[in-house]
Each structure stands twice: as C-alpha cells, then as structure tokens.
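J.: Sequence:
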Amino acid sequence: MTEAATRAPGAYVAQESPRVVLAVGRKKTAVARAVVRPGVGRVRVNGYPLELWPVEMARQKMAEPLLLAGDLANKVDIDVDVHGGGYMGQAVAVRMAIARGLAKYFEDQKLRDLYMRYDPYMLKGDPRRAEPKKPGLKHARSKRQKAYR
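The sequence shown begins at 30 in this note's numbering and counts up by one.
Some hints could be false.
Derived BS3-like pairs (lysine-lysine); straight-line CA-CA distance at most 25 Å [to be verified]:
| # | residue 1 | residue 2 |
| --- | --- | --- |
| 1 | K153 | K167 |
| 2 | K153 | K163 |
| 3 | K139 | K153 |
| 4 | K104 | K172 |
| 5 | K172 | K90 |
| 6 | K172 | K153 |
| 7 | K104 | K133 |
| 8 | K162 | K139 |
| 9 | K139 | K57 |
| 10 | K175 | K57 |
| 11 | K90 | K162 |
| 12 | K90 | K57 |
| 13 | K139 | K104 |
| 14 | K153 | K133 |
| 15 | K57 | K104 |
| 16 | K163 | K57 |
| 17 | K163 | K90 |
Label pairs and their in silico Cβ distance ranges [what the hints assert, rightly or not]:
| # | residue 1 | residue 2 | range |
| --- | --- | --- | --- |
| 18 | R170 | P47 | 47 to 53 Å |
| 19 | A176 | G113 | 20 to 26 Å |
| 20 | Y77 | L166 | 38 to 44 Å |
| 21 | H112 | P161 | 36 to 42 Å |
| 22 | P164 | Q89 | 39 to 45 Å |
| 23 | H168 | Q138 | 25 to 31 Å |
By construction, these hints were calculated from the structure, which means they are not laboratory data. All C-beta atoms in this analysis are idealised placements derived from N, C-alpha and C, irrespective of residue type, glycine included.
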C-alpha cells in the first residue's frame, strides 16, 4: 500500500521544510550572525562572496572552518552578517559563527571534536576584553616613567 492510501482522506501532511540553523559568533565588540541552509557551498559575508573579502588574512581566518569541514561545507549555503569591532575581530567572529553553524547543522560529534582540537575558541568564545582606561593615565595601565637621578 502506498503512503497516500494509508492516510485518512483530507488529512494534513506537513511537508518537510529545509533545515535552517542560526549561529552567533563574537569577538571583543564584533558580532556575527550566520544562517546555514541546504545549498551548494556558497558563503556570503555581509552580502559579499567570501572569496571577494578585501583583507587576505581575514579571509583565510574566516575560511578555516570550511576547510576543516571538507565536503560537508559544499552541502550548505552560509549567509553571515557581521558588525562592530575591527576587521580581524569581525573575521574571528565570522569564523566562530560559521563553525558553530556547521556543527549545529550536521550534529556531527567528529566535526565538533575536530574544531576543538584545531582551536577551542572556534566554538566556545574568547572571554578577553579591552581593559577600561583609568583617569590620569593615557591607557589602562600606562604610567609616567620615573627617573631616579
């Protein structure tokens, strides 16, 4: 018997919608939000393809989770929106968002372990922040040099 024959007439059958995963990555004041959906391997950051990102080092940093994932990365499209911080902070935030999104999308423990072995901060975040400037000083801890003469 076919599936349609076993179903009650007029019964609602929910169609399986394509899976979409949201992930967030942060570094200092940069925040990146990634949307991972089924696709062919396209990665866009703020609407630009990752290959066209202007800073080479930042582009390589953002591509790390994709390179580690291998063929899995070609099964999804990733759209990332990032704002705040500087260009390297944004790159690390995008890297974290992509890694978290891929790990959540595929629910693969081997992929999570691979990311954790490569760099734990790919998944868990970096708690360091800039220390506030103190009154009477130029920076957080800088002081006038003392000359004992």
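J.: Hints numbered earlier in the text: which of these fail when held up against the supplied structure?
T.: 1, 2, 4, 5, 6, 8, 9, 10, 11, 15, 17, 19, 21 and 23
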